[in-house]
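Keeping their order, the protein sequence lines are chains A and B. Taking our numbering, I'd label the letters of the first sequence as residues 1 to 305. Taking our numbering, I'd label the letters of the second sequence as residues 1001 to 1294.
Don't take every hint at face value.
[As the list claims (entries may be wrong)] A partial selection of chain B residues facing chain A, derived with a Cβ cut-off under 10 Å:
#	residue
1	Tyr1012
2	Ala1030
3	Leu1034
4	Phe1036
5	Ala1105
6	Gly1140
7	Ile1144
8	Met1257
Read the hints as simulated data drawn from the structure, not as lab findings. For each residue, glycine too, the CB sits at the ideal point set by N, CA and C.
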Amino acid sequence: MAAFSYLPKHSGSGEREAPTQLEIKLRRKARINAALRYFLLAAVGLVMVYPLIWLIGASFKTNSEMFSSPGFWPKNPTIQGYIDGWQTSTPYTFGRFFLNSLWIIIPKTIGTAISCTLVAYGFARFEFPGKKILFASVIATLLLPNVVTRIPQYLLFRDLGWLNTFLPLWVPSALAGDAFFVFMVIQFLRAIPRDMEEAARVDGANTLQTLVFIVVPMLMPALISVCLFQFMWTMNDFLGPLIYLSSVDKYPVSLALKLSIDTTEAFAWNQILAMSVLALAPSLAVFFMAQKYFIEGISTGGVKG
Amino acid sequence: MGGDSKYVGLWYVAPYVIGLALFIAFPFVASFYLSFTDYDLLSKPEYVGLDNYKKLLTRDRTFDKSLKVTLIYVFTTVPLKLVFALFIAVVLNYRLKAINLFRTAYYVPSILGGSVAIAVLWRYIFADTGLVNMALTGIGMDPINWFGDPENALFTITLLRCWQFGSAMVIFLAALQSVDKSLYEAAAIDGAGPWQIFRSITLPLITPVIFFNLIMQTVQAFQEFNGPYIITQGGPLKSTYLLPLYIYDEAFKSFDMGYASAIAWVLFAIIMVLTLIAFWSSKKWVYYAGDKRS
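Chain A with its partners taken away, still in its complex shape (with noise of 0.2 Å):
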């Protein structure tokens, strides 16, 4: 298919001579071929994004409305549902579960950020003993299915006395346990010559130095997608506090909206769908800011592995 949009620009080299009878029909060829594309497109795109078109417009609907017509725009839009959804069933609103979300994915993102650094500058800077083995435990950890090592964490962390806290969501990826960060900011850190930092370290800076002044300037844009994936990773991230937290008022959003799916389902489900599109805003909001930074770190993660 990807081979009709080299050949109109071969055939159509001798510009000024009247087009032949074979480049008229392979001009048109390649156009309906960019017309079938662009059709398939909008349909699959149409597919894709409906459903949280409908989400938004159906949070603004009665109870009644919701089942009745599948067009998005509510006939008599009411904000009942945020008003009511936001109360909740319990002592707090989600305005509390926002916060406890956000005081679970600052620490941690910034956490992930530092020793993600720390380990890429050393593997792929360094030679040291017991590096490959490391390297090679890195790509292990990243296909090690986290369900094998989950029951003997909790164990671990209920020994700590850390159950019931966010420790067990921050430290592990405080100490850089998430290997696809990790072999991300590697991959990227590989690509940028060394020059910069060789001049820094003859002049006489250490190796500290020369990462916090050379380095991390030039790692930014890796440490962005790093930030944002783990912004979104945790915003969404279910079975950890699932497994660790316990009391209501430590619930991040995603704990909280299954409750109130749980309590409230059977009756209010506009107040279901009005807390998920809050659910989900933050993470579209910081997709659509930096959306290049997404793009790029997946395929940096994925293509150059």
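Here the structure of chain A is known, so what remains is to put chain B in place on it, guided by the hints.
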């Protein structure tokens, strides 16, 4: 770098080494040990030899059902998702003006990933009188009982994950864009048709990325938890009761840590064997060009 002690690098990777030891290596070994014990959190783990595994493989009907459902889920979701992702990436890999717009639209569902809110959305659009059934009746088809019928429930989870084909597609697209264009031109001049070009040039050149996506998506699919937990709670009739749900229930509801560890190890063994088969077979079908960057 010259002049540094050979241990400098080790200091930088120290956080990783500590984390690896505490949160990966130790739990990994401990979990293997626990799978041979009976441990209810109240008394000390009691060594029971192969009892857990014997029970799993011979007497546990729930495990049989759960394993079957998991395999069906993985072997439908992964191929469907990857084929669709590759197809869209190929369509998108063309001199289209709106390429970035489409790429963004397709990527958005992936960003929201396993979030509870998306699972909620899924419950609503596949409800009896939800969006999907309204659309079906609109075009004159019968509505489908998505979650009530054990035949369909698992497939709605598969559809949810296929809807999130965006991250696999972005990786495919990046690989397609890095294929040397002159190869296409040469083939077209030699009279190769589009399908022939795709099969004998494009496909071989992107096999490393197909391999990467295949492994990552498979490992991920075997660990699916949020979707079935929130949307169907494993039902109806355990038709969406994937192994991670069973492990969670055994460990954190029944507090049978030993038995849960044994199930986790069976799941791990299955993933390992499949991964090893993939790596071993990759020599035969994955093509690495000489100028690979890494």
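Consistency of the hints with the structure:
The closest approach between the C-beta of tyrosine 1012/B and any C-beta of chain A is roughly 3 Å, which is under the 10 Å cut-off, so the hint is satisfied. Of the supplied interface hints, the one on alanine 1030/B holds, with its beta-carbon coming within about 4 Å of a beta-carbon of chain A, less than 10 Å. With its C-beta approaching chain A no nearer than about 7 Å, leucine 1034/B sits inside the 10 Å limit, and its interface hint holds. About 13 Å separates the beta-carbon of phenylalanine 1036/B from the nearest beta-carbon of chain A, more than 10 Å, and the hint is not met.
With a cut of 10 Å, the hint placing alanine 1105/B at the interface with chain A holds, because the nearest CB-to-CB distance is about 4 Å. Checking glycine 1140/B against chain A by beta carbon gives a least distance of about 14 Å; that is not within 10 Å, so the hint is violated. Hint status for isoleucine 1144/B relative to chain A: violated, with the closest Cβ pair at about 15 Å, above 10 Å. Because the smallest distance between the Cβ of methionine 1257/B and any Cβ of chain A comes to about 6 Å, under 10 Å, the interface hint for this residue holds.
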